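Novice: One letter stands for each residue in the lines below.
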Amino acid sequence: MTGRLARIARTTRILSSVAAILLIAGCTNYYEIPIETPIKPKLDVSAFQRVLVAGFIAGGTDDVDGNLETTRLLRSQLRTKSDLRVIDSDVLPLMEVANEDKGAPLEARADSPKADGKTDAGSEGKEGKSESKESKAEARGEGPQPSSPDKAPVIKDAKDLEPFEHVFADVEYWKKIGEEYQSPLIVTGTVMFTPHQRSGIVQREEEVYDSFGRRRVVPVRTYMERKGYILQPKFIFIDGRTGTVMHSENFREEVLYNANQSTPALSSYFELMDRLIPSFLSTLSSQKIKGTRVLLE
Amino acid sequence: MPIRTLTILLLLAGTSAAPLAADARSDAKKQVQFGIAVAQRGLWREAIYRWERAVQIDPKYAEALNDLAIAYEHEGDLEKARVAYEKALELEPNNTLIKQNYELFKEINDRTTRKDSQDNQNP
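These protein sequences, in sequence, are chains A and B. The first sequence begins at 1 in this note's numbering and counts up by one. The second sequence begins at 1 in this note's numbering and counts up by one.
These are calculated hints, taken from the structure and not from any lab test. All figures in this text were calculated on a predicted structure; none of them were measured in a lab. Among the hints, erroneous ones may be present.
[Unchecked claim] Chain B regions said to be covered by chain A (calculated; three or more residues, Cβ under 8 Å):
hint	region
1	23 to 33
2	36 to 49
3	65 to 79
4	92 to 105
[Claimed, not checked] Non-contacting residues of chain A with respect to chain B, defined by C-beta distances greater than 12 Å in every case (computed):
hint	residue
5	Ile35
6	Thr194
7	Val202
8	Thr263
9	Ser282
We put the CB at the ideal spot given by N, CA and C, even for glycine.
So that you can see chain B by itself, here it is in the shape it has in the complex (with noise of 0.2 Å):
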């Protein structure tokens, strides 16, 4: 009667589990459209708003991290870009079009960090 009672529950907790994870993509998918269509029309401080608050809400959605690490690298702000677009390939690892743009992004990321060592070898 227990080891029933159990299965009962944890297929109750289970079946709401997965309706409210849904629920939070699609509340944080809302939040990265929105943050799309303000990004493309250059507000990109609104747009990081937006993708931020995605990442609060569901912070497995690797797209929404993709979108935000482009902002921050927009806005000139290239450690945060670093730490977010390696969390999305974290999440995703496949994903061609998260790592396309985080090639690119390494390309400029490298030649700034290779600038400062410079720097550094020449007081």
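The shape of chain A in the complex, shown without the other chains (with noise of 0.2 Å):
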């Protein structure tokens, strides 16, 4: 009896849903209509026209130069991507400079990017151009060389970034780069990528034929060695006049594969910073984020 009360309540139920939709849908003129929402950039700069990546303070595996891979994507998309205009310029050696922090008077600090001498701070090129500078540097063995071939990389993980983070609150020398080129928005920041691997339960989907021959797909689950990176980058954003930190982000992004399956840490590396570039852009730039809506009469 009770049971039979509760399946004509669960029914009744059911059905004054589904009549409250078709009211709804029946009574209601609706119309679909595709919306942009922008999104204010999180930080105003407006008081910039030039932006200036200086460098990165990379650690992890050595597979990857975080330093120098981080600069060039980051420039080549700010130059797409904003309205602000981008510097070329030599990377600069950010652990150098951390390490030399301790004692060195600001001058000699402040001149320690310029590789050749003389920074090009008004030069606005191709990427290609920043490219060929950064590879002269490295020839003569000027430029940045935080995780060279023949130096094991001195930075494992995040614990090893904190004794060269102090070098992002050195005001005076943020305000001596600033004043070189010509007082633009500074990007910097820190970038560990470090191998990574996991081992667990992993539902997949597999094919399954049944007795009529008929393909289905079912989700599977498997014990499984994977194995990948982890990115965890961390963007600074200094005023170029004052040498202030305006605004910095944490990001982290981690891929995984199959234990069997070889993926070259670079490609890798760019698949995790494709996650994150938007988030990045959208600090400087604003976004649209496309949808739709139901109009309503």
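Assemble the dimeric complex from its two separately framed chains, guided by the hints.
Specialist: Here you go:
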């Protein structure tokens, strides 16, 4: 008896909710409309016309030079997707600067990025130009070599970064850099790109064929060994006019592959950077999120 | 006798208020329809003006508030959009279409709010 009552109550509930939906859809005229929601940039960069991606303190694996690759990638993204003019210059060897920072006079520290003695602050040429300058500087052994092949990377995990981080708070140093490059917005920070492996139960889809030969895809839970990488960048935005930190942001992305799959570290690095580039860009320029909504009469 | 008069007066008030409310809804509906027509042509500012008028005429018109919320969202005024959606849902809590719009809006709004709080944590 109770079961019957419960069944009736459940049926009534279902019918009434179906009726409510039909009533709304039937009585109300509705129109689907595409919209684009503009999201304001997190940072007001209207005071800057130029941006200097100065370089990064990078660590983790020595398969990818996090400093050079991140600098190149951000420069090229900013060039195409922001209104700021990107300054081509040598990448700052921030680890060296951080090491020197403890005793060297300011002049010596601020001069260190000028690998060839004349930093071209004004040139906004093609990316290839800056790359050639970087490689020239590297060829002379003067450019950034935080993870050069002959040197084992000093920074293996996030904890190792701490002794270097004081460089970002060095207002005088960044002010000097800002003066050299005509007061741009400076982008710098840290990049940790570390190998990672994990094992456990994974759900994956498997094709099965029944006795009639019909194909079906079913979820299968299996134990798997997987390996991949974790990317943890921290982007720091510094006002080139004052040398002070305006804003900083931490990100974390990871990717895992089957243990038997061999994926080059650099390709994993770009895969992970691809995921967080939109968030990085939304700090400096407004973004539009496309969607659809329903207008009602 | 006074009770009969009072009853008649009340009846009269009731019968005259109903058409007034119906008139308000009908006027507001015209504004809403015009707003939809212009929004479909991309004239969102004009649509906002029309839907704001509709809400002024009939503050209990949940559909007008829903449309206004969408327009505010399109203009990037997320705070105003939130208020309008919430008012619409207060008036019609079971309207699945308004709920659906609100859920989609919340996804974007929460993301930007999360960003702001993250910024505050990272000076």
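Novice: All hints are to be evaluated individually against the structure, with a verdict given for each.
Specialist: Cross-check of the supplied hints:
Restraint check on the region 23 to 33 of chain B versus chain A: 3 residues with Cβ-Cβ distances below 8 Å, three needed, restraint holds. By the rule of at least three residues with a Cβ nearer than 8 Å to a Cβ of chain A, the coverage given for the region 36 to 49 of chain B holds, with 3 such residues. Under a criterion of three residues with beta carbons nearer than 8 Å to beta carbons of chain A, the stated coverage of the region 65 to 79 of chain B is upheld, 8 such residues being counted. Restraint check on the region 92 to 105 of chain B versus chain A: 9 residues with Cβ-Cβ distances below 8 Å, three needed, restraint holds.
The Cβ of isoleucine 35(A) does not lie farther than 12 Å from every Cβ of chain B; its closest approach is about 4 Å, which violates its non-interface assignment. The claim that threonine 194(A) lies off the interface holds: its Cβ sits roughly 21 Å from the closest Cβ of chain B, which is beyond the 12 Å cut-off. Every CB of chain B is more than 12 Å from the CB of valine 202(A) (nearest about 27 Å), matching its label as outside the interface. No beta-carbon of chain B comes within 12 Å of the beta-carbon of threonine 263(A); the shortest separation is about 29 Å.
For serine 282(A), the condition that its CB be more than 12 Å from all CB atoms of chain B is violated, with the nearest at approximately 8 Å.
In terms of the numbered hints stated before, the structure departs from hints 5 and 9, listed from lowest to highest.
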